[in-house]
Amino acid sequence: MTTLVQGEKVNSQEQQQAAAVQSGKASHRRSTIAIWVGRTALAVAVVGGWQWFTEEGWVDKFFFGQPSEIWNSLVMLFTEGTAFGTIWENLGVTMEEAVLGFLLGTFVGVVLGILLGSNKYLSAVVGPYIRIVNSIPRIVLGSIFIVAFGLGVFPKVLLAAVLVFFVVFFNAFQGVREVDQNLVANVRVLGASPVQVAIHVTIPSAMTWIIASLHTAFGFAIIGALVAEVLGAQQGIGLIISQAQGTFDPNTVFACMVIIAVITLAAEYLISLLEHSLLKWRPPNRSEAQAI
Amino acid sequence: MGVNHRIRPPGDAGDDAGIEITGLTKRYLTPKGETFTAIRDVALSVEPGQFCSIVGPTGCGKSTTLAQVSGLERPSEGSVLVGGNTVEGVTDGVSYMFQADALFPWKSVLSNVMMGPILLGTPKREATSLARDWLRRVGLAGFEDRYPHQLSGGMRKRVAMAAALINNPRILLMDEPFGALDVQTKAIMQNELLKLWEELRPSVLFITHDLDEAVALSDRVVIMTSSPGTVKDVFDIDLPRPRGNVQEIRHEERFLDLQGQIWESLKDEVTRAYARSAGAAA
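Protein chains in written order, with numbering that gives the first Met the number 0: chain Z, 0 to 291; chain P, 0 to 281.
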């Protein structure tokens, strides 16, 4: 009799457990659906509202474009190309400039950041100048680069690299400064040379900061390449934009923005993958919070 | 001795090193350019293989003393001898253990413990098997691939202990290693430490605020006074070894007797340091 009662008890407990799991899953599904419904509604409201307002003439589509016209420009860009070759060629040029600038700026930023971060004297000497250079509007350097190096790819790479450099540099510098001094003392006592301290402690520790900066840095690389192209180029998305501006064609400008946004999102995704593989030692909640 | 052979074989007594500190003074330059004397005329000695605790009020220069012994800092005056040689630069065969666990968050438990031998140039395979063995000794077999953030505070302490002892140091410097642990975990870790210390017999300098801990673990307890720090009293603890369970030894008559004597000496210092900080706050 008792075993029977116990058996029933266990049974009902299991059922309760199963029911709890079921209801948990159901409520999770409900909240996911609610989020997606909200997202779709927001997109429809914004794009639809834009279309509606310009259609009714409350907002002048000559100045502010129109979603359907933007779509037409996009189709046109991809089917008929531009005055400067196909859209793929132009996109390729812009991406080449942005990626090269990104790599160059990141490399120099990381090296200088770590160097200055770990050397008190150097950072005391150079620190104020870096702050001064950081406070000037560097985007204007684009004009100088184009005057000095012509309309080719190189001045664009340079401007993108300059913009990227400061973002990465300050993060690498700060990352080195934040290194746990106990860890450094610990490995030094164990007989580590300065190079070993850098390899085992300083660089991995600064990596968290450096990688966090790469998200912003890639955006800056694109901006650098585009602005330099607007200032003067023979090919590239920036040239298409400045050409569209000259012919009062906001739809093509918006179409180029859409293309660049897609590219940037893809790059962002790749950087997140890199972040996950390099920083897999971190407690998971932190990187999740960052993903939002 | 070649670089590759700096890991002492266990039980090797020939290399044991006592610590002789004489007239040790350390002054720091504050950011405003003033000099601040952290410790003045500290003199103390630790016999080879002895367990010596330093007790004193907060800010009396205990950690400064340790830093001079490790060779991470240079004394302003006086000298530190380890095994008869003056400390200049980082001392050979020293391990450090801090209150905050100085583990690499980006390295697995196994790689953390391996660091010691790797830095001495031990081949990777040898270092791996040594580290596995040490993780087993501290009761963490099966946790090799975890990252530090996945472990509890007590487990992280065990990893830090294995990492500190894997090179079989001649000198073990411990700066309030168990300060942040809860009472039960602390007792377990103290027993663990005593067991491992009895196997390897390094000379230990152990900083603590906990008088019970100092008496239960040590052969010698040094009382330091504050501002500037200097040695006030030295007590030799003649409780028999092996001590056994630190939880039980606390109730023995001799323990209470010694603890009472040391507290008498420490009490004034603590009250004075407290009055000073309370006065500064008011």
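Hints in this document: simulated from the structure, not taken from any laboratory.
One should not assume that every hint holds.
Claimed, not checked - Every beta carbon over 12 Å from chain P, so not counted as near; a handful from chain Z, in silico:
| # | residue |
| --- | --- |
| 1 | Glu88 |
| 2 | Ser134 |
| 3 | Val188 |
| 4 | Gly190 |
| 5 | Pro203 |
| 6 | Ile262 |
| 7 | Trp280 |
Stated by the list, open to error - Covered, in the sense of this in silico footprint (three residues per stretch, anywhere, with C-beta under 8 Å from a C-beta of chain Z), are these stretches of chain P:
| # | stretch |
| --- | --- |
| 8 | 114-123 |
| 9 | 249-255 |
Claimed, not checked - Derived DSSO-like pairs: lysine-lysine, alpha-carbon spacing no greater than 27 Å straight-line:
| # | chain 1 | residue 1 | chain 2 | residue 2 |
| --- | --- | --- | --- | --- |
| 10 | P | Lys266 | Z | Lys279 |
| 11 | P | Lys266 | P | Lys231 |
| 12 | Z | Lys279 | P | Lys231 |
| 13 | P | Lys123 | Z | Lys119 |
Just so you know, even glycine gets a beta-carbon here, dropped at the ideal spot from N, CA and C.
These are the hints, each one checked on the structure:
1. Glu88: The claim stands: Glu88(Z) keeps its Cβ more than 12 Å from every Cβ of chain P (closest is about 42 Å).
2. Ser134: Ser134(Z) clear of chain P: closest Cβ-Cβ about 25 Å, beyond 12 Å.
3. Val188: violated (5 Å)
4. Gly190: violated (5 Å)
5. Pro203: About 5 Å separates Pro203(Z) from the closest Cβ of chain P, which leaves it inside 12 Å; violated.
6. Ile262: holds (31 Å)
7. Trp280: Per Cβ check, Trp280(Z) is inside 12 Å of chain P; nearest 4 Å; violated.
8. 114-123: holds (count 4)
9. 249-255: violated (count 0)
10. Lys266(P) x Lys279(Z): violated (49 Å)
11. Lys266(P) x Lys231(P): holds (12 Å)
12. Lys279(Z) x Lys231(P): violated (50 Å)
13. Lys123(P) x Lys119(Z): Violated - the C-alpha atoms of Lys119(Z) and Lys123(P) are around 34 Å apart, more than 27 Å.
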